[in-house]
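2 protein chains.
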Amino acid sequence: MAPKGQKFELKTPKGTKDWEGKDMVIRDKIFSTITEVFKRHGAVTIDTPVFELKEILAGKYGEDSKLIYDLADQGGEICSLRYDLTVPFARWLAMNRDHQTIKRYHIAKVYRRDQPAMTKGRMREFYQCDFDIAGVYDPMLPDAEIVRITTEVFEGLGWNGRYTIKLNHRKVLDGIFEVCGVPAEKIRTISSAVDKLDKLPWAEVRKEMTEEKGLAEEAADKIGEYVVQKGQKDLLSKLQANETLMANASMKAGLADMELLFTYLEAFDALENVSFDLSLARGLDYYTGVIYEVVTEGSAPLATASTAAVAPPKPSKKSSSGKGRVDFDEDRSSDPSVGVGSVAAGGRYDNLVGMFSGKNQIPCVGISFGVDRIFSIIKAQMAADKNAEQPRNNETEVFVMAFGGKGFTGLVKERLAICTTLWEAGIKAEFLYKVKPKLPNQFNAAEKNGCPLCVVIGEDEMAQGKVKIKEMGLRDGHPEKEGVLVNLTDLVAEVRKRILRKSNLEELIQEAAGLKVVGGIRGEPELVKAPKSESVEVPEKISEAEKPAEGSLLSQEAIGAVPAS
Amino acid sequence: MAPKGQKFELKTPKGTKDWEGKDMVIRDKIFSTITEVFKRHGAVTIDTPVFELKEILAGKYGEDSKLIYDLADQGGEICSLRYDLTVPFARWLAMNRDHQTIKRYHIAKVYRRDQPAMTKGRMREFYQCDFDIAGVYDPMLPDAEIVRITTEVFEGLGWNGRYTIKLNHRKVLDGIFEVCGVPAEKIRTISSAVDKLDKLPWAEVRKEMTEEKGLAEEAADKIGEYVVQKGQKDLLSKLQANETLMANASMKAGLADMELLFTYLEAFDALENVSFDLSLARGLDYYTGVIYEVVTEGSAPLATASTAAVAPPKPSKKSSSGKGRVDFDEDRSSDPSVGVGSVAAGGRYDNLVGMFSGKNQIPCVGISFGVDRIFSIIKAQMAADKNAEQPRNNETEVFVMAFGGKGFTGLVKERLAICTTLWEAGIKAEFLYKVKPKLPNQFNAAEKNGCPLCVVIGEDEMAQGKVKIKEMGLRDGHPEKEGVLVNLTDLVAEVRKRILRKSNLEELIQEAAGLKVVGGIRGEPELVKAPKSESVEVPEKISEAEKPAEGSLLSQEAIGAVPAS
Numbered sequence: 001m002a003p004k005g006q007k008f009e010l011k012t013p014k015g016t017k018d019w020e021g022k023d024m025v026i027r028d029k030i031f032s033t034i035t036e037v038f039k040r041h042g043a044v045t046i047d048t049p050v051f052e053l054k055e056i057l058a059g060k061y062g063e064d065s066k067l068i069y070d071l072a073d074q075g076g077e078i079c080s081l082r083y084d085l086t087v088p089f090a091r092w093l094a095m096n097r098d099h100q101t102i103k104r105y106h107i108a109k110v111y112r113r114d115q116p117a118m119t120k121g122r123m124r125e126f127y128q129c130d131f132d133i134a135g136v137y138d139p140m141l142p143d144a145e146i147v148r149i150t151t152e153v154f155e156g157l158g159w160n161g162r163y164t165i166k167l168n169h170r171k172v173l174d175g176i177f178e179v180c181g182v183p184a185e186k187i188r189t190i191s192s193a194v195d196k197l198d199k200l201p202w203a204e205v206r207k208e209m210t211e212e213k214g215l216a217e218e219a220a221d222k223i224g225e226y227v228v229q230k231g232q233k234d235l236l237s238k239l240q241a242n243e244t245l246m247a248n249a250s251m252k253a254g255l256a257d258m259e260l261l262f263t264y265l266e267a268f269d270a271l272e273n274v275s276f277d278l279s280l281a282r283g284l285d286y287y288t289g290v291i292y293e294v295v296t297e298g299s300a301p302l303a304t305a306s307t308a309a310v311a312p313p314k315p316s317k318k319s320s321s322g323k324g325r326v327d328f329d330e331d332r333s334s335d336p337s338v339g340v341g342s343v344a345a346g347g348r349y350d351n352l353v354g355m356f357s358g359k360n361q362i363p364c365v366g367i368s369f370g371v372d373r374i375f376s377i378i379k380a381q382m383a384a385d386k387n388a389e390q391p392r393n394n395e396t397e398v399f400v401m402a403f404g405g406k407g408f409t410g411l412v413k414e415r416l417a418i419c420t421t422l423w424e425a426g427i428k429a430e431f432l433y434k435v436k437p438k439l440p441n442q443f444n445a446a447e448k449n450g451c452p453l454c455v456v457i458g459e460d461e462m463a464q465g466k467v468k469i470k471e472m473g474l475r476d477g478h479p480e481k482e483g484v485l486v487n488l489t490d491l492v493a494e495v496r497k498r499i500l501r502k503s504n505l506e507e508l509i510q511e512a513a514g515l516k517v518v519g520g521i522r523g524e525p526e527l528v529k530a531p532k533s534e535s536v537e538v539p540e541k542i543s544e545a546e547k548p549a550e551g552s553l554l555s556q557e558a559i560g561a562v563p564a565s
Numbered sequence: 001m002a003p004k005g006q007k008f009e010l011k012t013p014k015g016t017k018d019w020e021g022k023d024m025v026i027r028d029k030i031f032s033t034i035t036e037v038f039k040r041h042g043a044v045t046i047d048t049p050v051f052e053l054k055e056i057l058a059g060k061y062g063e064d065s066k067l068i069y070d071l072a073d074q075g076g077e078i079c080s081l082r083y084d085l086t087v088p089f090a091r092w093l094a095m096n097r098d099h100q101t102i103k104r105y106h107i108a109k110v111y112r113r114d115q116p117a118m119t120k121g122r123m124r125e126f127y128q129c130d131f132d133i134a135g136v137y138d139p140m141l142p143d144a145e146i147v148r149i150t151t152e153v154f155e156g157l158g159w160n161g162r163y164t165i166k167l168n169h170r171k172v173l174d175g176i177f178e179v180c181g182v183p184a185e186k187i188r189t190i191s192s193a194v195d196k197l198d199k200l201p202w203a204e205v206r207k208e209m210t211e212e213k214g215l216a217e218e219a220a221d222k223i224g225e226y227v228v229q230k231g232q233k234d235l236l237s238k239l240q241a242n243e244t245l246m247a248n249a250s251m252k253a254g255l256a257d258m259e260l261l262f263t264y265l266e267a268f269d270a271l272e273n274v275s276f277d278l279s280l281a282r283g284l285d286y287y288t289g290v291i292y293e294v295v296t297e298g299s300a301p302l303a304t305a306s307t308a309a310v311a312p313p314k315p316s317k318k319s320s321s322g323k324g325r326v327d328f329d330e331d332r333s334s335d336p337s338v339g340v341g342s343v344a345a346g347g348r349y350d351n352l353v354g355m356f357s358g359k360n361q362i363p364c365v366g367i368s369f370g371v372d373r374i375f376s377i378i379k380a381q382m383a384a385d386k387n388a389e390q391p392r393n394n395e396t397e398v399f400v401m402a403f404g405g406k407g408f409t410g411l412v413k414e415r416l417a418i419c420t421t422l423w424e425a426g427i428k429a430e431f432l433y434k435v436k437p438k439l440p441n442q443f444n445a446a447e448k449n450g451c452p453l454c455v456v457i458g459e460d461e462m463a464q465g466k467v468k469i470k471e472m473g474l475r476d477g478h479p480e481k482e483g484v485l486v487n488l489t490d491l492v493a494e495v496r497k498r499i500l501r502k503s504n505l506e507e508l509i510q511e512a513a514g515l516k517v518v519g520g521i522r523g524e525p526e527l528v529k530a531p532k533s534e535s536v537e538v539p540e541k542i543s544e545a546e547k548p549a550e551g552s553l554l555s556q557e558a559i560g561a562v563p564a565s
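Just so you know, the sequences run in chain order A and B. In terms of full-length UniProt numbering, the first sequence has 465 at position 465, counting the first letter as 1, and numbering is strictly consecutive. In terms of full-length UniProt numbering, the second sequence has 387 at position 387, counting the first letter as 1, and numbering is strictly consecutive.
Treat the hints as calculated values from the structure; they're not laboratory data. Because the structure is a prediction, the values reported are computed rather than measured. Backbone N, C-alpha and C define an ideal beta-carbon position, used for all residues, glycine too. Keep in mind that a hint or two might mislead.
Partial list, derived from the structure: chain A residues whose beta carbon lies under 7 Å from chain B [claimed, not checked]:
(1) F8
(2) F31
(3) T35
(4) K39
(5) P142
(6) F356
(7) K413
Computed cross-link-like contacts, SDA-like style, restricted to lysine to any residue with a CA-CA straight-line distance of at most 20 Å [claimed, not checked]:
(8) B/K39 <-> A/T420
(9) B/K502 <-> B/Q390
(10) B/K14 <-> A/V87
(11) B/K470 <-> B/N487
(12) A/K29 <-> B/K39
(13) B/K22 <-> A/T35
(14) B/K436 <-> A/D138
Could you put the whole structure together from the sequences, leaning on the hints where they help?
Written as structure tokens, this is what we have:
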């Protein structure tokens, strides 16, 4: 592939990729769905630089700090690429004292020198979509709204309840550890072990606790009895009825929070997909209250997804210390012990801002959506569903073409002028960059991207001030199958009418089929831009040929996800 | 600012900044305007990684290569942050042989270790918005569409003709140099000298040519006669009438291209702001045909903007070789010899893809819009125009609040439930995170961000299944000044009706005032999302209080720009 004299391979750096074509369209649709939800809840966005002073990131990520990318020392400051969007947000809050409260979202790339598994959305450069609420407020109100937002995002993506929002609380977890007899200095490390329960069976985790981390076997077994429990308010009541647990101050405070949370989630109509899961621990040190994690089908590794693991999963290469660089760059996409992992995660972090600002603490709670993992799940399901409609690459509405017989000039200036008229009216239009194009080539170019309309100009028609509008893909026998001649002066109105009719058709088809598209939540009408005065007739019968090319991008059928447990 | 034990200052790296608040809203509006134009012309987007293998960037930027940021060597590949979006695009084209033609846009950050001038939009991390057309096509058709796109972008931004699109052609320039007797090996370096004419007076440039670069004085003086010339088709005719020039093959080919270009620009109605400017040279080596540069008021440095430079401008620190690191990080925002520079630039580069792919050349033409510079101009003008309406920080449409007398519970669950109803209907709503909030605090929170509507709930009204809707800022005496009671079951419809009425009012006010807002080009109706069945009455008289809070973000008056020369 390399030309003469070029000694390197043409590629992107390991763990990164170019995004293009339909992948890009799907990813953009995910972004716009998520952004719409964030704005619906009054959030504003902040943009921080891709790199930060190295000291800002130091001491925030525990042993994962080794995954941080550093910039070379070229003189001046020493910087690192951001590892997440949370630490830069905390740095911003600490720097900007006039903002004591804010709801902010941030959609941006983060960087981790981790071992990649590209097709599972585990990359070294990947997007995070973060929503955080900062400020001193009454307990659990922002925490509950985060869960509500999470349901709106996944419903908006068309997952229709096929996801589980796992909830737990650091104080509940710490309470369990204290009651089970874990010494104070071992609580964080035992918590890290519990965090692995979604990847490893209990026997492995227990072994790590007792053999690696020196916990008494009795304590480990007690923990084992708690961390298998999950439920909703039933679990809450059960824990509240346990006098030993309630005598623990941390547990009592945690459960009071959880009770409030459930009350608010009920009012928010956001209980359905929630699972209060005592095994949920989250690795990061900075969480201080409620923690969230969203999983769906594909989150778990294949090797442990069904029943109990038959063979013990291979130890992750990441955990084998330092050495073995040889395999570090290897892509683990086909390793069955690697799943997509959680598709969103977060929690409350009341002390992080104080790490920068000292006394001025600003409590925060937030969640981060892993767009690349969400994308890889949607992509895999679309590949599996042969009937899934493919999105279009571009949004061109009209292809402007010319035709003529002998002595055909190509009508290039006329085509440019007609495109100009359409562009001025805000209509998306293209033409072939050829002075004398052949008609079939022009139709091929229009069809290649599923362009719905053509405007065809000929010398005779132009002389009469007329052009032909042709809808692509009409059924045989349709009255407009061969196109309709319209006055040049009516062109914009006639084109708009047809674009609008197509949009309304797509809407009707979706309603009829009960399909759900990315881009709205249930109950929200999908509205079509149209001049107010224009009335549109929609034919009763919708022929196969008129079905939309892009509408039902992500139907319910295209999304497979596990029902809430 | 640093807490105890923290030895570093809280800040972003030099030459970078956090974007927030109204700045972010304005920047997003610029992005959406530009993206809309790009999509209108059928473009698709591609996303490449922020860093590339170091070898990909090597040998592409001449002496500016020293400004490239490298990543540290942490084992594995050696990478650099991208310097522009053009080289990654060429790398992508070379890697993806199934794409021989594409119209692509890319809006992303690029990185240059240059001396910053923050308030002038000269930063080390900044956005570029690139549009490029790749493929073998008939001459000058894509090149002309790039100019058309450029006019749509600046008209869409509301600059209303107050910008100049400078055009020139590498072959015309080379022709001039050849005719004036510049030796072949000096053509590129003499071209670089000409490129400085927007910053330096001719005498300085001439000196560089003769004293630094050893050009004969006679040749320099001949060049001087050409490079002051600018015009449109008049200049083209004048050059074509010059037999000496037309005898030069390069000049002849270049002028043939320019003639086609003018023909197509006429058909595209895109001639008005164009200036065929023989002094336009562009620094980058890879251009092979037409070159573009867009300037406006604020582009030129203050020191040389008016009349002739009284004092010779200070030599740029950048040009003083290598040493003097001390000042390199210093911000030059207040240096009068630094202007914003061009707000967009580009050209044809037919050989760049071949640098990666060898034989498989793909000719390209494109333009890059400097969003941060565009932003800094808009921002400065808004600051100068005290009447300019300020954009809102967020888009919240309804603030849900409660009030009550003695024994007031705060109605928290009811507020959450009403917010939920609104969110489900796609309406942007917020509430105060307080169990028992005071009414004035709730109104303050709503007013702070200019929220247009409130829903106020009280215990008595709730018992009757009713809530109050209150439009903010109605004039005294308005029939709804104190709000209107509506049935809870009609809440969504009643809220929608008022949101729609507000939007239509804003539209009317803009039409009446002949204002131009960011987000559309002339002629395109601004349409309001509304359920199809809903009819809306717009009151004839528009009171001061009902004027839109955000509509006329960037009025003509707010944009100062030089008329096309």
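A quick look at each hint next to the structure:
The closest approach between the C-beta of A/F8 and any C-beta of chain B is roughly 4 Å, which is under the 7 Å cut-off, so the hint is satisfied. A least Cβ separation of about 11 Å between A/F31 and chain B goes past the 7 Å threshold, and the interface hint is therefore violated. Nearest Cβ of chain B to the Cβ of A/T35: about 10 Å, over the 7 Å cut. The hint is violated. The interface hint given for A/K39 holds, since its Cβ lies 5 Å from the closest Cβ of chain B, which is under the 7 Å cut-off.
For A/P142, the interface hint holds, the least distance from its beta-carbon to any beta-carbon of chain B being 5 Å, beneath 7 Å. Checking A/F356 against chain B: minimum C-beta separation of about 6 Å stays under 7 Å; hint holds. Hint status for A/K413 relative to chain B: holds, with the closest Cβ pair at about 4 Å, below 7 Å. Distance check on the hinted pair: B/K39 and A/T420 sit about 14 Å apart at the alpha-carbon level, within 20 Å; holds.
Distance check on the hinted pair: B/K502 and B/Q390 sit about 17 Å apart at the alpha-carbon level, within 20 Å; holds. Proposed proximity of B/K14 and A/V87 is supported: the alpha carbons are some 19 Å apart, at most 20 Å. Using a Cα cut-off of 20 Å, the hinted pair B/K470 and B/N487 holds, with the two alpha carbons roughly 14 Å apart. A distance of roughly 15 Å separates the Cα atoms of A/K29 and B/K39; the hinted pair therefore holds under the 20 Å criterion.
Our distance criterion of 20 Å between C-alpha atoms is met by B/K22 and A/T35, whose separation comes to about 17 Å. A distance of roughly 9 Å separates the Cα atoms of B/K436 and A/D138; the hinted pair therefore holds under the 20 Å criterion.
In terms of the numbered hints stated before, the structure departs from hints 2, 3, listed from lowest to highest.
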